[in-house]
Amino acid sequence: MAEHARVEIRCSGSGGQGILLAAAIIAEAAAALGRHVVQTQSYGPEARGGASKAEVIISEGPIDYPEVQTPDVSLVLSQAAYHKYAGDTKPGGLLVYDSGLVELDPGDDRVVRCGLPFTAVAADELGKKVVTNIVALGALAAVSGILPVEAVRDAVLSRVPERFRELNEHAFGLGLRLGQEAEPVTSSAPQTA
Amino acid sequence: MATVVNETTPAAGRKPVLLQGNEAVAEGAIAAGARFFAGYPITPSTEIAEVLSRRLPEVGGTFIQMEDEIASIAAVCGASLAGQKAFTATSGPGFSLMQEMIGFATMAQIPCVVVDVMRGGPSTGLPTEPAQGDVMQARWGTHGEHSVIALVPSSVEECYTLTIEAFNLSEQYRTPVILLSDALIGHMREAVVLPDPAALRIAERGMPDCDPAEYDTVTSTLDNILPRPPLGSPFRVHVTGLVYNRRSGTPDTSDPAAAADLGRYLREKIYHHRDAIVRVEEVEMDGAEVAIFAYGSVARSAMAVVREARAQGVRVGLVRPITLWPFPTAAVERMAEQVRTVIVPEMNIKQMSWEVQAAVKGKAKVVDYGRVDGKLITPDEIFELVKPEFYYHKWEER
Amino acid sequence: MSALVDEQRLEASPTGDDRLPRIKPHTTSQIRAHLRSAKTLWCPGCSNGTITRALVDAILGLDLDPERVVVVAGIGCSGRISAYLDYSTVHTAHGRALAVATGVKAADPSLHVIVAMGDGDSSAIGGNHFIHAARRNIDLTALVFNNSIYGMTGGQMSPTTHLGDKSTTSVHGSVEPAFDLCELAHAAGATYVARGTAWGYQQLVNVIAGGIAHAGFAMVEAMAVCPVYYGRFNLTADPAAFLRAQKEHAVPASQFDEGETRVRDRYPVGLLHHRERDEFVAALGQVREKASEGRHG
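Chains as they are written, first to last, in the numbering used here: chain A, 1 to 193; chain B, 1001 to 1398; chain C, 2001 to 2297.
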């Protein structure tokens, strides 16, 4: 479509992984930068367990069609979500996934893959699996370059209560470093954790 | 024609906020002065109730979760009669239940707003998926001759601004106004810049400027719709759903002339003001050979098609009714004089396209396209309808 | 009834129940001053006029400001009371009076809101609103004109038509048992429940006044006389004989055995249930205070 540069991001996983919050934070970061942004999510029974998704569209101009069809960037945090939602990722697009939870299909080389152990890092280094999504956001910000890292960090911090600020800041920082050190794979060999 | 565009370009001095369509409805209502909400939880409208259960008490208002949707709109009628701006929000099955009291509010001329966040139906249907299947129910859902005002937002920003507009119209014309949102717009978040509250035009409810003793001797005219004094005032009003004498308010079911007078008045008080009420956005209609007539969330897909077509030098325009009822007949007639084809994509089967066809009167070809699977019609689908209308054009790869 | 200030008006009630206000009856001209019209569409022998008068007597006796009285009515014979009374009145849709009244009272808690309904209004089509208004304990006075039949539509059975009773839709005798509206209201949470009869006028005035004075959901069941339909089909078409039958059937609450089931020909009258419980509109006010403190504090 002849729209202004439009970036589609899909976050998917299972209920309780903070998928919606991750998408909302990306959307808020974009809104704070004055970008046009639309955020949608899957509702209903699927949001309570099983695979669920939340999506963000960021554009320099007005966003007409508000749904994500072929994400430029996919963040995948569960195997079920990978099978259900990752297949639509734009050829040559970016797939960021939790390498401890998602095993890619052999030969899935249409997209640039970046597997990182978000859940393991959140659990082992922070002792809080609940911040897996924030670790993932840090990595996504670093790997994708869709928004300035600082904008995403600010959006994370403006979303969390004061008492959890330090934890989330730490989680974001760990994710950021994971992302900066990661080497996304474009070859046909699936990356292993 | 007035134009409201769903542009979200940040306005000077005001920061964009990320807001959900349903949240925007709740905040718009508060900005419009609504201080009473009664509702019953139903997907996909529930966030409106949730937000208001927190927000209304904060601003001195009242939130009540009623026992069902019938009770909800009934309580809204009561609160409005007692002097407050009142509203409810629901979706398909609840909207069906509310039709009885929408009729009462129409007959008794009670200002109120009903938000219907449309989902797939009939019956329980597709509770979490969008549809536009209630557009005819909004028009004809309650029995008997009546007219209605219905507005359709296409964006989160319009969920806010059209909710305010809905309250203004309901106060001005003393009638229920329906806001037809849908599951997509209601649940979607967009970065929006809300208007400065100080700059909003808010219609306030007045009191009749006559002596209570003379109240029975005054009658609203089409151009001067008198406010109704609240219950518990010296006017001691009588409100009824029966046919009543327009002057005294006394039930009068035995005089055909009184019934005719009231029946025509209830219709004409809306239709007489059609030009003031109806709002349509026209995009790229200059020189358009084909027009897309689309409303609500589908208008966004249509908009994408218009941009793409124009970028390729193909003259396609968009006519987007913001007011669905009363139907924008004049805009459609104008469109029919200009274009050779009108494409009507909607998330129902032919509901508004019949209406378009009636107004086009054979002056242009009308192509209808319906989808009832709970999925938004995509720009690609609309494009496939546009292409044959420009068979001579060589389309670029997109 | 500590809520009643005008002790002067109180005198010995016929039932001797000192929990009830004792209202001195008013003159016809005093009553007429509260009516828009004394001409009604009710049938000859119908007791709705008596019950309407009892309501006005109670309002006069409580010295309420007529400007602040709102009567919200349903549809049916009883609903027409709204057109006759000279207060702010709302003639709603069938069964919806209590739900409309909930909105009225919540929007303006300073109003005295009286809800006039029939047995069909309150327990058939509006049964859901009835139990929920009682559960909320909203400060409304529900006055149910119970004639055990649908009169306006020509004598069909209602939820208070008794087992075996005939009507135009139970021509072989009803196979459904009747609701006891007072026990229904009590079970649902009403904090003032009383029953009076068209026959026992003074008691009816007193129980209505007690209901209006009560700060909470009050349900007053007024046993009505419908000689034209219910009486003709089941008891007597003679209004006077119907009234005399009421005298036989009505038993002072104190003489009604605990656990005894109300039947067509024997039912307790007077104040049946009375308790204090948090009132809904007041609770909404507290929510408002708490929310605005949370916002500003």
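There's no promise every hint is true.
Stated by the list, open to error - Cβ-Cβ distance ranges computed for the label pairs, FRET-style:
| # | chain 1 | residue 1 | chain 2 | residue 2 | range |
| --- | --- | --- | --- | --- | --- |
| 1 | A | His83 | C | Arg2135 | 46 to 52 Å |
| 2 | B | Asp1223 | C | Pro2025 | 30 to 36 Å |
| 3 | B | Gly1125 | C | Arg2295 | 35 to 41 Å |
| 4 | C | Ala2241 | B | Gly1263 | 24 to 30 Å |
| 5 | B | Ala1276 | C | Asp2065 | 38 to 44 Å |
| 6 | A | Ala5 | B | Gly1362 | 39 to 45 Å |
It should be emphasised that the hints constitute simulated quantities derived from the structure, not laboratory data.
Values in this document were obtained by computation on a predicted structure and should not be read as measured data.
Just so you know, even glycine gets a beta-carbon here, dropped at the ideal spot from N, CA and C.
Outcome of the hint check:
1. Between His83 of chain A and Arg2135 of chain C, the C-beta spacing of about 48 Å keeps the proposed range 46 to 52 Å intact.
2. Range check, Asp1223 of chain B to Pro2025 of chain C: Cβ separation about 50 Å, and the 30 to 36 Å hint is violated.
3. At roughly 38 Å, the beta-carbon separation of Gly1125 of chain B and Arg2295 of chain C lies within the given 35 to 41 Å, and the hint holds.
4. The hinted range of 24 to 30 Å is not satisfied by Ala2241 of chain C and Gly1263 of chain B, whose Cβ atoms lie roughly 45 Å apart.
5. For Ala1276 of chain B paired with Asp2065 of chain C, a C-beta distance near 40 Å keeps the hint of 38 to 44 Å intact.
6. Between Ala5 of chain A and Gly1362 of chain B, the C-beta spacing of about 43 Å keeps the proposed range 39 to 45 Å intact.
When held up to the earlier numbered hints, the structure conflicts with 2 and 4 and fits the remainder.
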